[in-house]
Each structure stands twice: as C-alpha cells, then as structure tokens.
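For reference, the chains in residue letters:
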Amino acid sequence: MMTRFLWNGMSRNVRLFVLLVLAIGIALPLLNQLMPRTSAFYVPSYILQLIGKYLCYASLALAVDLVWGFCGILSLGHAAFFALGGYCMGMYLMRQIGTRGVYGNPLLPDFMVFLNYPELPWFWHGIRYFWFAGPMIIIVPSVLALALGWFAFRSRVTGVYLSIITQAMTYALQLAFFRNDMGLGGNNGLTDYKDILGFSVQADSTRGVLCFASALALALFLVISAAVVSSRFGKALTAVRDAESRMRFLGYRVEGYKLFVFVLSAAMAGIAGALYVPQVGIINPSEFAPGNSIEAVLWVAVGGRGTLVGPVVGAFIVNWAKTYLTGALPEVWLFALGALFILVTLFLPKGVVGLWEQLKPRKVRPA
Amino acid sequence: MNAPRSTSALLYLSGVTVSFDGFKALNNLSLLVEPGEMRAIIGPNGAGKTTMMDVITGKTRPDEGEVVFDGKADLTKLDEADIATLGIGRKFQKPTVFENHTVRDNLLLALAGLRSWYKLLGAAPTQVENRRLDEILSIIRLEAQQHMLGARLSHGQKQWLEIGMLLAQNPKLLLVDEPVAGMTDVETETTAHVLREVNKNHSVVVVEHDMSFVRALGVKVTVLHEGSMLAEGSLDQVSADPRVVEVYLGR
Numbered sequence: 001m002m003t004r005f006l007w008n009g010m011s012r013n014v015r016l017f018v019l020l021v022l023a024i025g026i027a028l029p030l031l032n033q034l035m036p037r038t039s040a041f042y043v044p045s046y047i048l049q050l051i052g053k054y055l056c057y058a059s060l061a062l063a064v065d066l067v068w069g070f071c072g073i074l075s076l077g078h079a080a081f082f083a084l085g086g087y088c089m090g091m092y093l094m095r096q097i098g099t100r101g102v103y104g105n106p107l108l109p110d111f112m113v114f115l116n117y118p119e120l121p122w123f124w125h126g127i128r129y130f131w132f133a134g135p136m137i138i139i140v141p142s143v144l145a146l147a148l149g150w151f152a153f154r155s156r157v158t159g160v161y162l163s164i165i166t167q168a169m170t171y172a173l174q175l176a177f178f179r180n181d182m183g184l185g186g187n188n189g190l191t192d193y194k195d196i197l198g199f200s201v202q203a204d205s206t207r208g209v210l211c212f213a214s215a216l217a218l219a220l221f222l223v224i225s226a227a228v229v230s231s232r233f234g235k236a237l238t239a240v241r242d243a244e245s246r247m248r249f250l251g252y253r254v255e256g257y258k259l260f261v262f263v264l265s266a267a268m269a270g271i272a273g274a275l276y277v278p279q280v281g282i283i284n285p286s287e288f289a290p291g292n293s294i295e296a297v298l299w300v301a302v303g304g305r306g307t308l309v310g311p312v313v314g315a316f317i318v319n320w321a322k323t324y325l326t327g328a329l330p331e332v333w334l335f336a337l338g339a340l341f342i343l344v345t346l347f348l349p350k351g352v353v354g355l356w357e358q359l360k361p362r363k364v365r366p367a
Numbered sequence: 001m002n003a004p005r006s007t008s009a010l011l012y013l014s015g016v017t018v019s020f021d022g023f024k025a026l027n028n029l030s031l032l033v034e035p036g037e038m039r040a041i042i043g044p045n046g047a048g049k050t051t052m053m054d055v056i057t058g059k060t061r062p063d064e065g066e067v068v069f070d071g072k073a074d075l076t077k078l079d080e081a082d083i084a085t086l087g088i089g090r091k092f093q094k095p096t097v098f099e100n101h102t103v104r105d106n107l108l109l110a111l112a113g114l115r116s117w118y119k120l121l122g123a124a125p126t127q128v129e130n131r132r133l134d135e136i137l138s139i140i141r142l143e144a145q146q147h148m149l150g151a152r153l154s155h156g157q158k159q160w161l162e163i164g165m166l167l168a169q170n171p172k173l174l175l176v177d178e179p180v181a182g183m184t185d186v187e188t189e190t191t192a193h194v195l196r197e198v199n200k201n202h203s204v205v206v207v208e209h210d211m212s213f214v215r216a217l218g219v220k221v222t223v224l225h226e227g228s229m230l231a232e233g234s235l236d237q238v239s240a241d242p243r244v245v246e247v248y249l250g251r
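Top to bottom, those sequences are chains A and B.
Reminder that position 204 of the first sequence reads as 204 in my numbering, one-by-one numbering, no gaps.
Reminder that position 6 of the second sequence reads as 6 in my numbering, one-by-one numbering, no gaps.
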C-alpha cells in the first residue's frame with residue numbers, strides 16, 4: 001500500500017532522475033575508494049566532499065520547492081530549518097570529542113571550558129547518543145515549523161507578509177545563536193569534530209558514506225515529494241496555491257494542508273542540514289543568515305519552480321558556479337548572482353527544466 | 001445574544017448591517033428564501049449584492065443582524081469551510097476555476113465528501129465518485145473537455161464548470177453571482193437552462209444584472225438598493241414599481 005503510493009507518485013522522468021542521484025551517490029565514493037590515485041577515473045576526496053555538500057543543498061532546494069512551488073508559500077527562512085538540523089548534528093558531534101579537545105575536559109566541549117561553564121547546559125544532555133540526536137534532527141525544525149505555521153496560517157497570513165515573517169524568524173535565530181549565553185558556541189559555532197558513529201569524520205571512507213547518505217536522502221525526498229504532490233492531497237494542495245479562498249468556499253480547511261507540507265519541508269531541510277555539517281566540519285550562526293534562505297529560493301527559481309527535479313538541478317548549477325567564480329573571480333560572484341536572478345526571471349520563468357520542456361519536440365497526446 | 005429564531009425558511013436574514021469605514025454596504029437588510037426556491041437578486045452597482053453573498057458565506061461578519069440557515073445554523077458564528085460543509089455553495093462573479101487542474105479534477109476537488117488533508121493523502125477516486133463526476137459532466141455539457149486544463153476553457157465553459165463544481169458540492173443552497181456576465185446570447189440561454197436543471201434538486205439565489213436572463217429564469221425577484229430591500233415580487237411587478245424605476249433610471 002505504502003510502496004505503491006510512493007512508486008505510483010513518480011513520473012518516468014522523476015524515476016530516472018532518482019536513479020541518477022543514487023548512481024552518483026554510489027559511483028563517486030566507490031571510484032574514490034577503489035581506483036588508484038593515478039587513474040583517470042579516480043575521484044579526489046575534495047570532489048566527494050563538494051558533491052556531498054551540493055547534494056545537501058539540493059535537498060534544501062527541494063524542500064523550498066515543496067512549499068513554494070506546490071503550495072505558494074514563499075519561505076525566505078528555510079535555511080533556519082537546515083541550520084537547526086545542522087546544530088543538532090553539531091551538538092552530537094561535539095559530544096563525541098570527549099577528552100580529545102584542546103582542554104581535555106571529558107564532559108564539557110572546549111568552548112564551554114573557555115567560557116567557564118560550571119556544568120553542561122540542560123539541553124546538551126542526551127544528544128551524545130545518536131538514537132537521541134537522530135530524532136532531534138527531525139523534531140526540532142518540525143516543531144519550529146509547526147509553531148510558526150500554526151499561528152501564521154490560522155491568522156491567514158499569506159504572500160509577502162508570510163515571506164517577511166519567515167525572514168524575520170531566521171534573522172532572529174541568527175542573532176540568538178550569536179550570543180555566547182545561548183550555550184551553542186556563539187559566534188564560532190560548533191567545530192573540531194572527530195568522530196561520527198565511531199568513524200573518523202576526516203577519513204575518505206567516512207566522507208564516501210556521508211556523500212552516499214546525502215544522495216540517498218535526496219532520492220528519498222524526491223520519492224516522497226513526488227508521491228505527495230501527485231496524490232489527491234497534492235491536487236488539493238496546488239488548488240490552495242492557485243485559489244486559496246475558492247478552496248475555503250469548497251469546504252477545505254486550507255491551514256491543515258499548508259501546515260502539513262510546511263512541516264514536512266522543514267523536516268527535510270533539517271535532515272539535509274544534519275548531513276551537511278559533518279561534511280563541512282562546522283556549523284555556526286552564519287548558516288541562519290537571511291541571504292542563505294534567499295539563495296535557496298534562487299536555486300529553485302533557476303532550476304524550475306514546482307518541478308521537483310528543477311530545484312535539484314538549480315542547486316547544482318548555481319553552487320557549481322559559486323564554487324568556480326568565488327575561486328577564479330571572487331569580486332564577480334555577487335554580480336553574477338544578481339544577473340542570474342534577473343535573467344531567469346525575465347527569460348526563464350519556468351527555469352532550466354522549463355527550457356528543456358520547451359525545446360523538447362512536443363509529442364501529440366490524445367485529448 | 002438571542003438564540004437564532006426558528007424558521008421554516010432555508011435562508012433567513014434579518015436586520016443585517018455591515019459597514020466599512022462608516023459606509024453602510026448593507027443597511028438593515030432582511031431576506032427569506034424558502035426550500036426549493038430559486039430567487040433572483042437585482043440592483044444597481046453598489047447595492048450590496050456581493051456583500052450580502054459575503055455575509056452568507058462567512059467571508060464578512062455583519063455588525064448587526066441575524067443570518068440563519070436551515071432554521072438552526074447561525075451563520076454569523078461560522079467560517080467559510082464550516083458554512084460550505086453545512087451546504088451553501090458559492091459561484092463567484094469572476095469565474096474562479098482551478099486553471100492548472102483538468103475539468104475533471106476541478107469537479108473532483110469540489111465533490112462532496114473528503115476534505116481533510118490526512119484522508120486525502122492516500123485516497124483514490126472511488127467508483128461512486130467517478131460515476132457522479134460523469135453525471136455532472138453531462139449536465140454541464142463538458143464531457144468532451146474533461147481532460148482539458150481549466151485555463152484552456154472559454155469564458156462560458158468556465159462558468160458552466162463553476163456551476164458543475166457547485167453541483168458536485170451538492171449544497172442545499174447555491175449562491176450564483178452574475179453567471180451570464182460576458183456571455184453570448186446562446187451561452188446565456190444555455191446557462192438559464194442549466195440553472196433550471198439545477199433548481200430541480202437545489203435552492204438557488206442568483207445575483208444578476210441581465211434583465212433578459214432574469215426574465216428567462218421566471219422566478220421571484222428581490223431588488224436591493226443602498227444595502228436594503230427596495231421591492232420584491234415577479235419581474236413585471238417590480239419593474240412597474242416607481243421606486244425601482246427611480247433607482248435604475250432616475251439619476
């Protein structure tokens with residue numbers, strides 16, 4: 001029943017794309033591990049790390065697309081859910097350091113020793129166990145999304161006002177996490193990780209597994225999203241996006257629909273953030289920066305809003321360009337980003353995937 | 001607060017007043033619609049026709065007055081979704097069909113029954129539902145267009161689809177706002193036919209400007225003016241009323 005629900009939700013294109021994502025997630029780590037360093041097929045570790053990072057961004061983009069593309073909720077604060085998932089993972093990783101920290105304190109992470117914490121703050125308890133940290137990665141962003149969505153959707157806050165609220169939320173969180181009193185490392189955040197589940201985070205094999213896990217998560221999110229949007233629920237969801245008050249007059253409580261996708265999307269973003277942190281080795285308050293959320297929206301716009309596959313493509317294109325340009329021509333990057341946004345809005349209203357659909361020879365379908 | 005008066009009328013409005021920044025869009029309006037009745041509401045621009053619809057469907061809360069549906073439900077205390085579930089369907093002035101959904105999916109969304117998000121996640125249309133959809137498609141004469149996207153329908157077809165969506169909701173009372181605005185004569189005639197067909201099983205309130213259409217419906221007419229009822233009766237009676245002539249032609 002459940003498998004059929006998930007399988008039938010996917011169009012042929014989405015199925016192929018999911019297989020492609022999985023193939024990348026399997027092939028790159030294997031080539032990194034099995035090929036000799038001299039081989040043309042050898043994948044260097046930094047590429048593995050880079051692709052792993054992109055895969056996490058792609059999951060975030062997909063999460064944004066689910067709410068923006070299919071429910072019309074333009075969230076400008078989705079990086080907050082990503083960062084919260086990341087902080088949960090960061091806390092878990094900090095507690096794995098043990099006595100290997102600079103101060104060698106078995107209980108307190110380095111920054112707490114430095115700031116003269118007498119004891120571990122209450123919310124740091126339990127997070128050293130993965131069976132506790134794992135669920136928290138999903139629960140913390142979901143609860144925030146549930147609370148924010150509950151008040152906003154019930155009060156019928158929509159459109160630009162909702163966008164501003166989400167933006168304010170991520171900014172407020174950024175300011176809060178900057179404070180040393182918050183007990184989460186303040187400005188510097190959480191870093192210097194050693195182990196994840198007993199394996200060294202620096203090892204190539206661990207990086208390979210993390211890259212695969214990121215691909216697996218993205219594939220899973222694609223399958224779930226496709227099933228949700230193509231179900232009867234999805235039809236109602238896009239109808240809410242297109243004509244919300246019409247749906248109310250038809251007797252639908254649109255808050256429930258919005259809340260469900262908003263929370264689902266936040267959970268996806270949280271998991272993506274949690275996979276991101278061990279790969280980049282740090283989480284700090286800059287991840288909450290409003291600009292990050294806006295960039296995620298841009299990935300979706302470039303790839304194609306409301307297409308599921310598009311945001312993934314968009315996240316890869318924009319981030320590859322960012323990696324390249326910030327290396328080669330650092331002063332150009334922000335201008336390139338701005339120009340990209342203008343060009344996409346003017347010429348590619350349906351993004352790269354939309355362009356692909358336009359160029360494809362149209363098959364004649366019986367009406 | 002008094003308990004709603006019990007009444008045999010399907011829809012009962014008494015002393016309803018709505019003001020926006022001091023402007024009284026509805027001023028002590030009273031109206032009775034009997035079960036099974038079709039009623040036409042006419043009136044010049046700004047007479048309060050759309051505001052009245054908003055009050056009945058829960059979009060606007062009245063400042064004063066009673067609005068009772070089916071002899072028991074106090075509509076001033078319910079929201080849109082509750083009122084829709086009670087059995088009041090509304091067709092808007094501007095056709096608002098779901099443009100990115102097929103004609104059939106539009107009707108499916110409107111179909112009475114499943115509304116909660118968690119039940120819709122795994123649901124597929126049942127045989128009973130599919131039969132009902134076929135039935136409605138034939139009443140509104142859009143069988144051939146059922147897999148077409150809403151956006152691709154002509155203006156008249158969109159209006160019929162909206163009426164079909166109302167039928168799918170299976171409400172006790174249909175509120176229809178200017179159904180023939182912008183229609184050709186042939187389309188207007190078909191619409192009058194469709195509405196009479198609908199009236200066989202449902203009560204209907206039609207707001208309309210087009211006098212020939214109101215005449216074709218051949219039902220009791222209520223004239224609104226400046227938020228209050230000015231006259232009521234057959235179209236011939238009200239058009240003979242000097243006050244009605246005054247508000248329509250006097251200025």
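These aren't lab readings, by the way, just hints derived from the structure by calculation.
Among the hints, erroneous ones may be present.
[To be verified] If you want a taste of the chain B side facing chain A, the calculated C-beta under 8 Å gives, among others:
| hint | residue |
| --- | --- |
| 1 | 123 |
| 2 | 126 |
| 3 | 127 |
[Said to hold, decoys possible] Simulated coverage check for chain A against chain B, where a stretch passes if three residues somewhere in it have a Cβ under 8 Å from a Cβ of chain B:
| hint | region |
| --- | --- |
| 4 | 100 to 108 |
| 5 | 236 to 250 |
[Stated by the list, open to error] Here are the simulated DSS-like pairs of lysine-lysine, each with C-alpha atoms no more than 25 Å apart in a straight line:
| hint | chain 1 | residue 1 | chain 2 | residue 2 |
| --- | --- | --- | --- | --- |
| 6 | A | 235 | B | 220 |
| 7 | B | 59 | B | 77 |
| 8 | A | 235 | B | 77 |
| 9 | B | 72 | B | 59 |
| 10 | A | 235 | B | 72 |
Quantities reported herein were computed from a predicted structural model and do not represent experimental measurements.
Note that beta-carbon positions come from the ideal geometry of N, C-alpha and C, so glycine has one too.
Query raised in the report: Does the structure keep residue 72(B) and residue 59(B) at a Cα separation of 25 Å or less?
Result: Between residue 72(B) and residue 59(B) the Cα gap is close to 19 Å, so the pair holds against 25 Å.
Report task. For the pair we were handed, residue 235(A) and residue 220(B), check the Cα-Cα distance against 25 Å. Result -> Violated, at about 39 Å.
Query - Claimed coverage, the region 236 to 250 of chain A by chain B - three or more beta carbons nearer than 8 Å - result: holds (count 11)
Query raised in the report: How about residue 123(B): closest beta carbon in chain A under 8 Å, or not?
Result: Holds. Min distance 5 Å.
Query raised in the report: Are the Cα atoms of residue 235(A) and residue 77(B) separated by 25 Å or less?
Result: Violated, because 30 Å separates the two Cα atoms, which is more than 25 Å.
Requested in this report: Sort out whether residue 72(B) lies within 25 Å of residue 235(A), counting only the CA atoms.
Outcome: violated, 34 Å
Query - chain B over the region 100 to 108 of chain A, status - at least 3 residues with CB closer than 8 Å - result: violated (count 0)
Requested in this report: With a cut-off of 25 Å on the C-alpha distance, tell me whether residue 59(B) and residue 77(B) pass.
Outcome: Given that 25 Å is the threshold and the Cα spacing comes to 11 Å, the pair holds.
Requested in this report: Using 8 Å as the Cβ threshold, decide whether residue 126(B) counts as touching chain A.
Outcome: Interface hint status for residue 126(B): violated (11 Å vs cutoff 8 Å).
Query raised in the report: Is the interface hint for residue 127(B) satisfied, with its Cβ closer than 8 Å to some Cβ of chain A?
Result: violated, 15 Å
Checked against the numbered hints above, the structure breaks hints 2, 3, 4, 6, 8, 10 and satisfies the rest.
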